[in-house]
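Using the sequences and the hints, build the whole thing.
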Amino acid sequence: MTEDDRFDLELHGRVSAGDRAAFEELYRRYAPAAYGLALRVTAQETLAQEVVQDAFLALWRAPEAYDPSRGLFRSFFLSLVHHRAVDTVRREERLRKRTERAANLGPVAGEDVAEDVVESSYLAVRRKEVREALETLPPDQRKVLELAYFGGSTQARIAQELQIPLGTVKTRTLAAMRKLRQALDREGAE
Amino acid sequence: MTDDHTRELELLAGYVTLSLDGQDAEEADRLMSEHVPRCPTCRGSLEELRETVGDLALAAAAATVPDLVLARIRRGIEDVPVRRRRGTAAIALVASVAALVGMAGFSLSLGTRARDAEAQRGTALEVLNAMGQPGAVPVSLESTTGSAGGLVEVSAPGLEQMYLYGSDVPSPTQGSAYQLWLGAAGSYTPVGPQFIPEAGVVLLELTVDPSRYDEILITEEPAGPTPSTPTPEDGHTWGASI
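Going down the list, the protein sequences come from chains A and B. Quick note: the first sequence, position 34, residue 44 per this note's numbering, numbers continuous. Quick note: the second sequence, position 81, residue 77 per this note's numbering, numbers continuous.
Among the hints, erroneous ones may be present.
Where chain A lies over chain B, by a calculated footprint (3+ residues, C-beta under 8 angstroms) [to be verified]:
1. 40 to 50
2. 54 to 66
Straight-line distance between alpha carbons at most 20 angstroms, and here's what the computed SDA-like set of lysine to any residue pairs gives [claimed, not checked]:
3. A:LYS138 to B:THR60
4. A:LYS189 to B:HIS1
5. A:LYS189 to B:GLN157
6. A:LYS153 to B:GLU43
7. A:LYS153 to A:PRO175
8. A:LYS138 to A:ARG188
9. A:LYS153 to A:ALA134
10. A:LYS189 to B:THR60
11. A:LYS189 to A:THR178
12. A:LYS189 to B:GLU44
13. A:LYS189 to A:GLU142
14. A:LYS189 to B:ALA55
15. A:LYS189 to B:GLU43
16. A:LYS189 to B:ARG39
17. A:LYS138 to A:ARG152
18. A:LYS138 to A:GLN192
19. A:LYS153 to B:ALA55
20. A:LYS189 to A:PRO149
21. A:LYS153 to A:VAL135
22. A:LYS153 to A:ALA193
23. A:LYS189 to B:GLY40
If you're looking for bench data, these hints aren't it; they were derived computationally from the structure. Being a predicted model, the structure only gives us computed values, none of them experimental. The beta-carbon is built from N, C-alpha and C at its ideal position, and this holds for glycine as well.
Here it is as structure tokens:
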């Protein structure tokens, strides 16, 4: 756990006690990443803003939803954002249009690139590590993972779209996750 | 369960990326509620997979959030402070659950020991927590057999938990137990273990993604292996759209 992860824990503890200043500090730290993720998944500014708003309000109203024994605050919160974003797009039935756009990691319309965004430096460093780790994945595994995570596609839909067996999608998803973890662990150890 | 856990890990990878549907999603829900809590291998793998998707989120470029978002959040905080303002039904439910926190009697899952008082209080507090989530809506289950007792389901968008709370729930007939089912497009999946109310009280916590289902059903089934579809012939039945 890094110093920044520990600071997140401290802020979360203060938010649990109703500290609004701590809440706004968490907002400052994570809103750009949350909004970037929501934009990537929803491909719509309005929807992405609603996702971010809902996620932060959920954090304020029920901070106990995060259990520090189950991992980093960052992982918890960005997963919450991802879940809400996927729920939103599925509800809006815009899957097909967005999937085509989400198949690569280039910025979508209206989205700023990371370098132009005021963001905690440690997140920027981690972002670089994650992108480098993603680059190490075989293209077929990376494609499946990106369609699932950023495209919000189900595995069945991915199989249909890529014209591969569903079992292959499952195998590639797990393999991609494992390789990504290994690559990130290596990055973290360096 | 496969010997090397490959099938389980593939399901968990799909689960954390929210990319499962159909039978795979149902199997993953069962895995999460029945196998993972008892399997150190799967628990450890699930933790790693969750950490990995947390990192994967950062692969999306950060973006400048319009000021109006923080302004709306601030208004939201002013309008609805922590765990306040809920609908009348929700307030009644919270009051009931809060009263239960100090009680000893809760539903018993068949085949398991009654949970200790601390865990029971924890579950009751989780229900309160779920009620605090934006969009949380309590759904009252209607008895289709004229049975007494009130059952309420609580879930919230983005929360992979569902809670079932009930009071004055009649006991099933001898040799039977209750089973909760979730339905999507007319197809039902058993969720969680069979249970029997204790002193008429039911309080269940289920690990499941409620957003994939549109119906909840509770039937009385012969105690033992759960059938693949609801088979209520006699006995109490409750249901609702969710």
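* Asked: For the pair supplied as a hint, A:LYS189 and B:GLY40, is the alpha-carbon distance within the 20 angstroms limit?
  -> 16 angstroms, holds
* Asked: Within 20 angstroms, alpha carbon to alpha carbon, are A:LYS189 and B:ARG39?
  -> 19 angstroms, holds
* Asked: Between A:LYS138 and A:ARG188, does the CA-CA distance stay at or below 20 angstroms?
  -> Judged against 20 angstroms, a Cα distance of about 19 angstroms means the pair holds.
* **Restraint check for A:LYS153 with A:VAL135, where alpha carbons must lie at most 20 angstroms apart** => The given pair, whose Cα atoms are some 24 angstroms apart, is violated under the 20 angstroms limit.
* To do: Decide if the proposed pair is consistent with the structure: A:LYS153 and A:ALA134, CA atoms, cutoff 20 angstroms inclusive.
  => Violated. A:LYS153 to A:ALA134 sits at ~23 angstroms, over the 20 angstroms cutoff.
* Asked: Is the straight-line distance between the alpha-carbon of A:LYS189 and that of B:GLU43 20 angstroms or less?
  -> Given that 20 angstroms is the threshold and the Cα spacing comes to 15 angstroms, the pair holds.
* Coverage claim, chain A over the region 40 to 50 of chain B, checked by counting residues with Cβ within 8 angstroms (three needed) -> The restraint on the region 40 to 50 of chain B holds, since 8 of its residues have a Cβ under 8 angstroms from chain A and three suffice.
* Quickly compare the C-alpha distance for A:LYS138 and A:GLN192 to 20 angstroms and report which way the hint goes. => Between A:LYS138 and A:GLN192 the Cα gap is close to 16 angstroms, so the pair holds against 20 angstroms.
* Asked: Can the restraint linking A:LYS189 and B:ALA55 be considered satisfied, given a maximum Cα separation of 20 angstroms?
  -> Answer holds: A:LYS189 to B:ALA55 is near 15 angstroms, not above 20 angstroms.
* Distance restraint between A:LYS189 and A:PRO149, which requires alpha-carbon spacing of 20 angstroms or less -> 12 angstroms, holds
* Measure nothing beyond the straight line between the CA atoms of A:LYS153 and B:ALA55; if it is 20 angstroms or shorter, mark the hint as holding. => Since the Cα atoms of A:LYS153 and B:ALA55 sit roughly 14 angstroms apart, the hinted pair holds (cutoff 20 angstroms).
* Verify the proposed pairing of A:LYS189 with B:GLN157, using a straight-line Cα cut of 20 angstroms. => 29 angstroms, violated
Comparing the model with each numbered hint stated earlier shows that hints 5, 6, 9, 10 and 21 do not hold.
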